[in-house]
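J.: These protein sequence lines map, in sequence, to chains A and B.
Using the numbering used here, you'd call the opening residue of the first sequence number 21 and step up by one each time.
Using the numbering used here, you'd call the opening residue of the second sequence number 30 and step up by one each time.
What the hints contain is simulated information worked out from the structure, not anything from laboratory work.
No false leads were mixed into what you were given.
Derived coverage of chain A by chain B (criterion: at least 3 residues anywhere in the stretch with Cβ under 8 Å from a Cβ of chain B; other residues may be distant): (1) 158 to 165; (2) 168 to 176.
Which residues of chain B face chain A? A few of them, derived with a C-beta cut under 7 Å, are: (3) F91; (4) M94; (5) E132; (6) I154; (7) E161; (8) I165.
Computed from a predicted model, the values in this text were never measured in an experiment.
The beta-carbon is built from N, C-alpha and C at its ideal position, and this holds for glycine as well.
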Amino acid sequence: MNALDYFFYLFAGLTLLCGLMVVVNPFSRNPVTSAMFLVLMMVSLSGLYVTLHAFFLAAVQILVYAGAVMVLFLFVIMLLDLKEEEHRKIKLATLFLGALSVGSIAFILVKLLGNARLVSDAPSAEGSTIELGLKLFRQYTLPFEIVSLLLLVAMMGAILLSKKEIK
Amino acid sequence: MNFSLTYLELAVVALALGLLLLELWTPTALKPKLGYVAAAGLALILGWSFADTIPSESATAFSQMYVRDGLALFFKRFFLMAAILVLIMSVEFSDRIRMGVGEFYVLILFALTGMMFASSANDLIMVFVSLELITISFYVLVSFQRSRMGSLEAGVKYLIMGALSSAFLIFGIALVFGSAGTTNFDGLLQVTKGAADDKVLWLGLLLVLAGLGFKIAAFPFQMWAPDVYQGAPTPVTAFLAVGSKAAGIVLLLRVFLGAVPPVTGQWTKLLMVMAAITILYGNLCAIPQRNLKRLLGYSSIANAGYLLLGLSVLNASGCSAMLYYLAGYLFTLAAAFTVICLVARESDDISSLAGLSQRSPLLAACLTLAMVSLGGIPPLAGFFGKFLLLKSIIEQGPVNPGYYCLAGTALFGVVVSLYYYFGVIRAIYLSKEAPDLTPITVSVPARLSLGVCVIGMFYLGLFPQTALLVAQEAVSALKF
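Just chain B, with the same shape it has in the complex (with noise of 0.2 Å):
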């Protein structure tokens, strides 16, 4: 038993617990700058992570429930970076929290690990147990401004949901270890290449597809994300778009390509029809939004449909575009979310992004260019990605014509997007009734994480050749 591969989750839960300690004596004016300290705890944690090489050998602990690859590398450097800018935006919207400010940023923590618990997951009941680590933290930052009707209501949605998908996941998992014997990827394998058409395994595993679904925020399952994403506090709603849609999306990559292969071989069709249909869903109803965090969730949800397209294909070159993709899509929406945290206070309208070119053009700026990095164009992060899973769709044409459908479904999808991004653009800059011009300033470590973003947008756009081999290395542990 080698529990010295968990050393980064450890690293983060001492850091959790120290800073839960730390907050016992910390004045309340200081309160808030807790935040601070574990971003900057987090970014040596994330440092540390950089000082071994990735894996080329999958190691495991713990009777096999623990891997240790490139994949799970990969995420947890993506969860920490995420945390990160999540926690400094925590930092700067710690005034409208009323109380509880250093729990605030340690349930962060711990929802961390969750994440990078679940990146690590290879066996099902790991799959469960970290899943429900990150949902509970989740229940409690969504409500965290108990004052506000609308944090209540995200909260007591975000609970209901979040107990239905956990429901279908854990009774999905029964399933698949009645017909199976075994929750353990490994032994999953095995089984399933021996015979592919059990039919209550596939029961089992069409709710574990749901039970993630809801996570990613996919068609059928995607309900609850504007409304969560409307109430939950900036930050939250934030770390929801990010985090909690990546360890989806990394268990479905273990699950589904890891251990079950020769099931999700035969539902292609299911995958594309749901990937088709969650672009579509979340492009349309995005239009006639007013609200900003709801419009980012209705995006987020056309977004976790393009990161189905890269699923849909069961290769490399697919699954390499959706780690790519997510790395864009981890800083744009980090540099958008940090500036709605420092300019909407008291709404989230559109409207309130009226003037925002004079009061300070760094936010206007960096806001612009997160909206043109999520329309997907180029030279940003947002444009390299789409294209590369297009590409990968487009590949398997030959194998199956309804990739070609699917394309052209996303790159419809793809055209209405611009509409509703370029709304936005044209608020910043065009809007003609401004009724508050005061200058916002920003403070030097919200510079700092808004500079982070755009650097890796722009780098990820520019020279996406070092990204790219990065997500090939890391996917090379599913084994295709």
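Same shape as in the complex, but just chain A (with noise of 0.2 Å):
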């Protein structure tokens, strides 16, 4: 094992772990907390990913999902009124048709990884940063200045729509 395979572990238990913190957390059923474990669920996926040289994708990992997506979902959650959701009670057959469900999904997983053959040595990464960026600005600039206006458009559309209207 060398350090690549340790931080692979690392990086796996953490997600797993936040994953399940974002759904089971035995402290809080605040929400908000299971969000925050999302965001740690995401950042530790692009560790992951790191180990597997895409650090492109990890970057967007962050960037997207880490930054922008859990903006938007932590806004809705605080909009929302869940207060009711701290209280809820858990049914026993919603208990038993959930965990009959993770079973069999679990019983696909294992059955499918007990034939599948594992190749030793993966393909090296394609898509890493500086080839992405010889595509983006080669081959396909013209697309890519025309997003530029996209953005533009898009930007003023959401000022147009939302602002408060001047008497």
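Reconstruct the complex from the two isolated chains, following the hints.
T.: Put into structure tokens, the structure is as follows:
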């Protein structure tokens, strides 16, 4: 086992732990806490991407998911009143059905993994940041520039449609 | 990399950004007049486009993403003309826009940029990006009158349907890329020449057809059109009906006749059925309509069907007929919507046209001419366009008898459409109770744009040779 493997187990363990804490946190049933654990899960997932040499994907994972998407989640959670959620009792039937579906999916997964052959030397990761940049600024320059116009239009639209009307 | 080929688009973008800045320093009272500035700028750019001749050879730029040929130039001029007429219409409409008039004009210019890029697309990525630029500008434009429920409803409907159609399109593009290994049209032509019956490619192209079908409002992707046309601000409806539809048409030509003709050759039946049902649906559903914009929405569905007739024959005469028909459709619809914009201030009901012949004989005459042209009666543009389209499909009759059925359906549609177009004319001249007989004053630019529309309708109808020659030259870029 080399250093990379330790990092893999570290991030994989963190991802699983944080993922579990999102749904079955024994200490708190506050939705905001769950959302924060989701952020941690995203971050450790991007750590996994780094161990796979997919640096760009890791950066985008943090920027888009941990940054933008989670802010949206938090806004929605705070706008909705979720007090009731904290006091809700778990029904036995729900628990049974949940366990059944999780169990069957786990069964399929284990069966599949048992039959799978793992290739020892995976192909080197494509889509590095340099390659992506070269493609984007050489072959796809024009669409890339048009997307900048598109963002300007989207920004104008968001402001125009949400601005308070001035009398 | 010769980016100078894109000079027309760059000029429009520069105009839009300049206008956005100019708007900051313009006093509120003068802001509506910025529309004239934009229209004048576009007129200059349109004039500039005539300074260089139609290229006989197509030239590509940006690693074959962008192509400049006769077809692209034809559609660029078409879109510029449409945007000029729509901008003049918007100035007349500006008193009904509470805020952000300057941005309204700028968004029209950005949508125009998207359309112009679409006409030069030579890669599926360009198709997607330029269509998104058009559609996102329209999301905002359609819901611009935030204080009106109708506008908001139309905006939400257009947003959802537009997102759905984009999803279809991008999924299709992914499948095409997966099976052909390229998104470039030249590359796709090579691949499909080798193997035109790859089922994954077919599924991908079918989804692309669905995505573009939404844009031109062809059956079975037409359900959004009447609601959105009715709710959107009138100039936006006009631009949707002319610009967005023509952008869909040019992309259909580019993809299905430019990139994958071997596949399209096996799809004639599908295109014929689509055209026939679209014509029937549009015309039959238009009959009971009492709202002018909704009526024109259904009529635009029917017109998408007529345009598909030209596509279904897959030859040069059909395509040049399509281009000719679109040119006539531009002037006709622009005239109709300019009149609606000036007259129907409170409601868009047909009854609001009562007494128009006394309130403003000029507007009454223009709307009548537009309806007559839409109905396809000589000597106006609409007649000759329909004639050319029918001629091109009847010529193909000996090859496949189905084309005779299609021609019969189209003729039936034309006859049905006369009923509801003449209903509008009847409301103008013959309705008894006219509540309001105050004369309508028409500003000079609006008169000018109506004049251009009327001249266009008559010119295309009376002297079709020149325009047809231009259309044929443009189509020759597709290489049948």
